[in-house]
Amino acid sequence: MAKKVKDTGMKDTSMTFEKLDSLSTLQIVDLLGQSLVNDAFSREAFFYLRKRVGDLEETCDKARDVIEKLNEAVEKLSSPANRVGTLLDLPKSDVGLVAQGGSEFYCLIDPRLKGETLLIGTRVLLNEAYAIVGDLGFDASGLIVKILDVLPDNRLRISHEGSFGTFIVIRSSPLMKERLKPGLEIRLDPSHRVAIEVVKSTKTSSKLLERVPELPWEKVGGQKQAIEAIKDAVELPFLYADIFAKYKHNVPKGFLLYGPPGCGKTLIGKATAYNLTKKLREKTGEEKREYFMHIKGPEILNMWVGESERQVREIFEQARELAKEDYLPFIFIDEAESILGTRRAGRFNSILNTLVPMFCAEMDGIESMRQAVIILASNRADLIDPAILRPGRIDRKIKVNRPGKEEAKEIFRIYLTEDLPYDASLMERFEGDPKKVIDFLIEKVVEEQYARTDRNQFLEVTLRSGKKEYLYRGDLNSGAIIASIVERAKGMAIKRTIVDPLQGGMRLEDLLCALEEEYIENDIFPPSDITEDWLKLVDYDPQNVVKLSPIMPRKKMVSGVV
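Just so we're aligned: 101 in the numbering used here is position 101 of the sequence shown, and the numbers increase by one with no gaps anywhere.
There may be inaccurate statements among the hints.
Quick list of in silico lysine-lysine cross-link-like pairs, DSS-like style, CA-CA up to 25 Å [said to hold, decoys possible]: (1) Lys177 - Lys200; (2) Lys231 - Lys397; (3) Lys409 - Lys436; (4) Lys146 - Lys92; (5) Lys278 - Lys288; (6) Lys324 - Lys146; (7) Lys467 - Lys219; (8) Lys288 - Lys231; (9) Lys231 - Lys279; (10) Lys177 - Lys114; (11) Lys467 - Lys536; (12) Lys435 - Lys490; (13) Lys490 - Lys467; (14) Lys283 - Lys219; (15) Lys231 - Lys246; (16) Lys409 - Lys399; (17) Lys200 - Lys114; (18) Lys444 - Lys224; (19) Lys436 - Lys405; (20) Lys224 - Lys283; (21) Lys224 - Lys435; (22) Lys278 - Lys224; (23) Lys536 - Lys397.
Here are the simulated distance ranges between beta carbons [stated by the list, open to error]: (24) Ile551 - Ala483: 24 to 32 Å; (25) Thr453 - Leu301: 42 to 50 Å; (26) Pro386 - Leu136: 55 to 63 Å.
These aren't lab readings, by the way, just hints derived from the structure by calculation.
Here a beta-carbon is modelled for each residue, glycine too, at the ideal position from N, C-alpha and C.
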């Protein structure tokens, strides 16, 4: 039987000890205060005691909180470190297959975590019992690799630049439904077991130009013969496929554009892609889209064994995939002689000895131009391996010549347009007709450029017979030189306009001065031991040449044009 506490005073109170246990210290003190003798000393002592008890209770509460926090910290610091692993599979709702430290573990999943919310490839937290107790999400870093092949069970065969052999990885949950293709770059998790995400490659995209600009044949000047050959070889088999089939005429697979630098080989390649797809859309109504793959030869070369060959495979594989997506892919390889040169014996030619056969094998796998239109461009076609240039692979070799006088006028008209500002006196002289002004300027500057005068003599060529021939400025002309002359003339007119707006507008003097500066700056001649190669590069037959000399070497002058 519980004892009763009996107090005398103003109010009788009875309470069991059990109920006292439920009260705080201050509440018990207040309860006792009700039974005190009602005199001044007792009440003053009671209030002092109550304050002291309250202060002590507050101090105890604070100390208790500090002790709890310290105990919690001690427990955390003394507990074993949690491990981090990569989730590979979920065989059951409460079991996960985890890769950690080079080993695999079947780990139970903490019931507080929902197994179905965990994703393959995420990092998971493991306690000392190797139970999954936390989801850390996907790692933000990892190795970048390329897909070589997509296996039937959705696994990926990959390779990494600089490594030997290939590897098989699985897909993370976000990539399970993604349509992955060979050539794509992906990021791996830290264990190198799981593909986490697709990475957009700036390096690859720099090689490819999905859409070519609007480039009708009219914008390609001075190459009527080459353009006509391209139309016959590329456009006709597409536009009149039924007629070609009736005659059982073999359609060319590839084309070579060769000739001196700066004469428009790349421009012709882009114009071919634009005009062919445009005519196909107009004739057939098919929604064909061009995909111009501009590959610069030296970019493919790689010091690692097999890496250059892999890039060639990827280019052709990507072209075949694009053809399935209703694209018309164009594989344009610039400076083709750098990767498809003639094979030779020797350790330093090992890349070409394997790269050329790989390219031949890929070309043989192209059944028709509808899979890919292959165009090679080269300044030195004589350096390309004969196996590449044989019929059945590169069937058409199209020469891109240097422009003559009429071709030069045609190119000048592309750059000197009617919307440019011309000198006021010239406009007044030709009654404000910009077309007549342009014709006058072009006639004068081309006449000066192609004049067979001593002033225009550029190089002296000594033949084996002792005879001497001369190369003139016009003999080394190109579309790139004409474009540079016009840009120099524009720069002179701009500077003059800045000084005095009334003196603005392009003049004949601007073009003639630009012509002179262009050739003076390009008075750069090769050493005597590589004269033959240099002459081939400028499209001059070096067979009987024994010496090459500049005519009256000039002082190099610095152009005042910014």
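Tested hints:
For a cut-off of 25 Å, the pair hint linking Lys177 to Lys200 stands: about 18 Å separates their Cα positions. Distance hint between Lys231 and Lys397 is fulfilled; the C-alpha atoms sit about 13 Å from each other, no more than 25 Å. About 14 Å separates the Cα atoms of Lys409 and Lys436, which keeps this hinted pair within 25 Å; it holds. A C-alpha spacing of about 32 Å is found between Lys146 and Lys92, which places the hinted pair above 25 Å, so the restraint is violated.
Straight-line distance between C-alpha atoms of Lys278 and Lys288 comes to about 8 Å, which keeps the hinted pair within the 25 Å bound. A distance of roughly 21 Å separates the Cα atoms of Lys324 and Lys146; the hinted pair therefore holds under the 25 Å criterion. Restraint check for Lys467 and Lys219: not satisfied, since their Cα atoms lie roughly 41 Å apart, outside the 25 Å limit. Among the hinted pairs, Lys288 with Lys231 is consistent with the structure: their alpha-carbon atoms are about 18 Å apart, no more than 25 Å.
Taking the CA atoms of Lys231 and Lys279, the gap is about 11 Å. The hint holds against a cut of 25 Å. For the suggested pair Lys177 and Lys114, the alpha carbons sit about 22 Å apart, so the restraint of at most 25 Å is met. Taking the CA atoms of Lys467 and Lys536, the gap is near 20 Å; set against the 25 Å cutoff, the hint holds. Between the alpha carbons of Lys435 and Lys490 the distance comes to roughly 18 Å, so the proposed pair stays at or under 25 Å and holds.
Restraint check for Lys490 and Lys467: the C-alpha separation of about 41 Å exceeds 25 Å, so the hint is violated. The hinted pair formed by Lys283 and Lys219 meets the criterion: a straight-line CA distance of about 22 Å does not exceed 25 Å. With a C-alpha separation of about 20 Å, the suggested pairing of Lys231 with Lys246 holds against the 25 Å cut-off. Restraint check for Lys409 and Lys399: the C-alpha separation of about 20 Å stays at or below 25 Å, so the hint holds.
In summary, the hint linking Lys200 to Lys114 is not supported, as the alpha carbons are separated by about 33 Å, beyond the 25 Å threshold. Of the supplied pair hints, the one linking Lys444 and Lys224 holds, its CA atoms being roughly 23 Å apart against a limit of 25 Å. Among the hinted pairs, Lys436 with Lys405 is consistent with the structure: their alpha-carbon atoms are about 18 Å apart, no more than 25 Å. A distance of roughly 23 Å separates the Cα atoms of Lys224 and Lys283; the hinted pair therefore holds under the 25 Å criterion.
The straight-line distance between the Cα atoms of Lys224 and Lys435 is roughly 22 Å, inside the 25 Å bound, and the hint therefore holds. Only pairs whose Cα atoms come within 25 Å are accepted, and Lys278 paired with Lys224 is accepted, the gap being roughly 20 Å. Between Lys536 and Lys397, the direct Cα distance comes to roughly 17 Å. Compliance with the 25 Å bound is thereby established for this hinted pair. A hinted range of 24 to 32 Å for the beta carbons of Ile551 and Ala483 is consistent with their spacing of about 25 Å.
Between Thr453 and Leu301 the Cβ separation comes to about 45 Å, which falls inside the hinted range of 42 to 50 Å. For Pro386 and Leu136, the hinted distance range of 55 to 63 Å is satisfied, since their beta carbons lie about 59 Å from each other.
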